[in-house]
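K.L.:
One letter stands for each residue in the lines below.
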Amino acid sequence: MKPPSLGSILLGLIPFAATCFSVALWDRVYPMVFGLPFNFFWLILWLLLTPVCMWGAYGLEASRQRDTDHEDGGTR
Amino acid sequence: MNPSVIALTVICGIVAVGSLVGFLARFQHKMDLEQWTVGKRSFGVVLVWLLMAGEIYTTYTLLGVSGWTYSRGGPVLYILGVQPLAYVFSFFILPPICEVGKKYRLQTQADVFQTRYGNPYLTAFVALVGVISLLPYAQVQLTGLGIIVEVSSYGGVHRTPAMVVAFGIVAAFVFVSGVRGVAWVSVIKDPLLLFTAVFVGIAVPYIYFGGIGPMFAAVAHAKPNHLAMPGSTANLGHSWYVSTVLLVSLSFYMWPHNFAASFTARSGNTLRRNAVFMPLYSLTQPLIFFVGLTALLVLPGLGNGDLAFLAMVRKTFPAWFLGVVGGAGALTAMVPAAIQLLSAATLFAKNLFRPILAHGMTDPQVAQLAKIMVLVLTISALVLAIYTSASLVSLLLVGYAGVAQLLPGIVFGLYSKRVTTTGVFAGMVTGIAIVVPLMLLGRDPYKGVNAGFIALCCNFAVTGVVSLLTTVRASGFDDTLPLAASPGGTGARSV
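As you go down the protein sequences, you meet chains B and R in turn.
Going by my numbering, the first sequence opens with residue 1, and the numbers climb by one from there.
Going by my numbering, the second sequence opens with residue 1, and the numbers climb by one from there.
Some hints here could point you the wrong way.
[Said to hold, decoys possible] Capping the alpha-carbon separation at 25 Å, the derived lysine-lysine pairs in DSS-like fashion look like this:
hint, chain 1, residue 1, chain 2, residue 2
1, R, K103, B, K2
2, R, K103, R, K417
3, R, K315, R, K223
4, R, K102, B, K2
5, R, K417, B, K2
6, R, K102, R, K417
No lab work stands behind these hints: they were computed from the structure.
Using the sequences and the hints given, assemble the complete structure.
P.N.:
In structure tokens form, the structure reads like this:
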């Protein structure tokens with residue numbers, strides 16, 4: 001099985017860094033943003049930003065796939 | 001008219017319409033094993049999205065999550081951490097699974113192990129772990145159905161008879177329609193649930209506090225520690241959060257039913273596109289938190305936090321609206337329950353019973369046995385639901401600790417040539433030997449870390465070390481080997 005590209009793995013690690021490993025930095029009530037405690041606000045924000053990262057990863061994987069399809073077509 | 005009669009009538013109406021859609025969906029398709037289990041691998045983006053969303057938004061995300069918000073506070077945020085990360089991980093792991101599934105005509109998670117490692121005992125063990133882990137999950141849905149009927153009848157109908165009736169309907173429904181019917185019920189269920197979550201989530205804080213901001217200000221003032229971790233708990237702090245988020249997001253697609261949903265997709269790209277957009281569907285989840293937090297101040301002292309969402313709706317809105325919410329909740333319990341039972345029954349019949357006990361079974365006989373197993377498993381989940389009283393979220397975390405142990409075998413199986421059958425077996429046994437005693441002795445979290453996560457780390461380590469110490473044999477996914485003659489994957493590579 002061909003592993004995914006390094007670029008898309010790095011893009012996928014961004015949401016993990018932002019919402020999982022860094023919990024001690026953002027798990028606080030104040031400052032409240034838009035009336036939400038800061039930890040709620042931060043995680044909701046990343047519901048919106050995660051698709052942005054993964055859209056980038058999708059672009060990378062799709063273009064890589066087109067390349068390999070092209071090569072396969074060439075050798076046949 | 002009696003409010004409980006109004007609410008229950010509306011619920012029954014919604015459940016009847018939902019079931020009818022499911023029953024009708026089957027008539028256009030001839031029902032064989034492959035259609036029943038993986039819908040002939042013909043689902044496009046929309047139907048896969050419906051199926052996956054239908055599996056993800058369950059009683060647990062509605063009642064369980066508002067319950068934890070009410071009783072635990074801050075730690076419930078792990079749900080918001082998990083949902084996007086599970087899709088991120090799925091972006092990398094599901095497309096290759098879909099591709100091998102198509103190539104070797106696989107139908108279940110255990111089929112992947114069979115084709116990759118070619119050992120029927122490993123496969124049977126994987127199937128057993130899957131089936132046992134699914135039971136608490138089905139139990140969550142069942143308990144949820146019981147709570148819905150109990151609250152909507154204003155305490156008039158007791159939970160146990162309600163659960164018995166509800167699961168009769170679920171079993172009948174799985175029996176007749178298979179996976180395609182289940183996906184189509186989501187056409188009714190998802191808009192209804194979305195409407196419910198958005199409307200109730202905005203209206204309830206507005207009615208009692210004048211908005212979401214003032215509601216949070218009031219909670220922060222009345223219970224200063226409730227909103228950040230560890231909230232109103234002693235030991236669910238940051239190390240618990242990180243370990244639980246990792247465990248749950250990495251093993252989310254190890255649930256046999258979530259895993260098998262990737263076989264219904266037309267191509268790996270369908271699944272990648274899904275993974276990109278699925279986190280947006282989670283935007284309704286915070287609204288459910290708001291209801292739980294409002295209940296914390298408005299309805300203090302509920303004995304069972306899982307009642308918070310419905311009790312809040314009952315206190316605030318007229319009976320017919322409680323019926324609409326209850327109906328949405330009932331479908332939300334029935335759809336995942338149906339899928340979970342279908343997956344568990346297929347796993348048992350196809351990957352445990354046939355290869356180990358009855359080699360000569362034909363596919364139609366396997367389908368027959370799977371249908372009998374739907375009944376057996378439903379009754380088991382019912383018995384468990386009647387006799388245990390853990391909170392919905394805690395029950396689910398037990399199941400997660402189990403299915404997580406399948407992860408190393410899948411990840412290494414797809415991407416490594418060096419992994420061996422003995423290694424995967426040893427890792428899984430180690431993981432389970434660690435997690436079961438910790439759970440049974442009530443030592444989860446262990447020293448502030450999720451017990452399932454500790455087991456998963458040991459599992460990975462043992463799988464790696466033992467694999468390096470044992471001899472490698474050719475991978476079943478190796479392109480140079482001749483393809484299996486018999487469709488379905490089972491037994492294809494066993495020598």
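K.L.:
Each hint: holds or not?
P.N.:
Comparing the hints with the structure gives:
Our distance criterion of 25 Å between C-alpha atoms is met by K103(R) and K2(B), whose separation comes to about 15 Å. Straight-line distance between C-alpha atoms of K103(R) and K417(R) comes to about 19 Å, which keeps the hinted pair within the 25 Å bound. With a C-alpha separation of about 22 Å, the suggested pairing of K315(R) with K223(R) holds against the 25 Å cut-off. Restraint check for K102(R) and K2(B): satisfied, since their Cα atoms lie roughly 16 Å apart, inside the 25 Å limit.
As the CA atoms of K417(R) and K2(B) are separated by approximately 12 Å, the hinted pair is consistent with the 25 Å bound. A hinted pair counts as satisfied when its Cα atoms are at most 25 Å apart, and K102(R) with K417(R) qualifies at roughly 21 Å.
Hint compliance for this structure: every hint is met.
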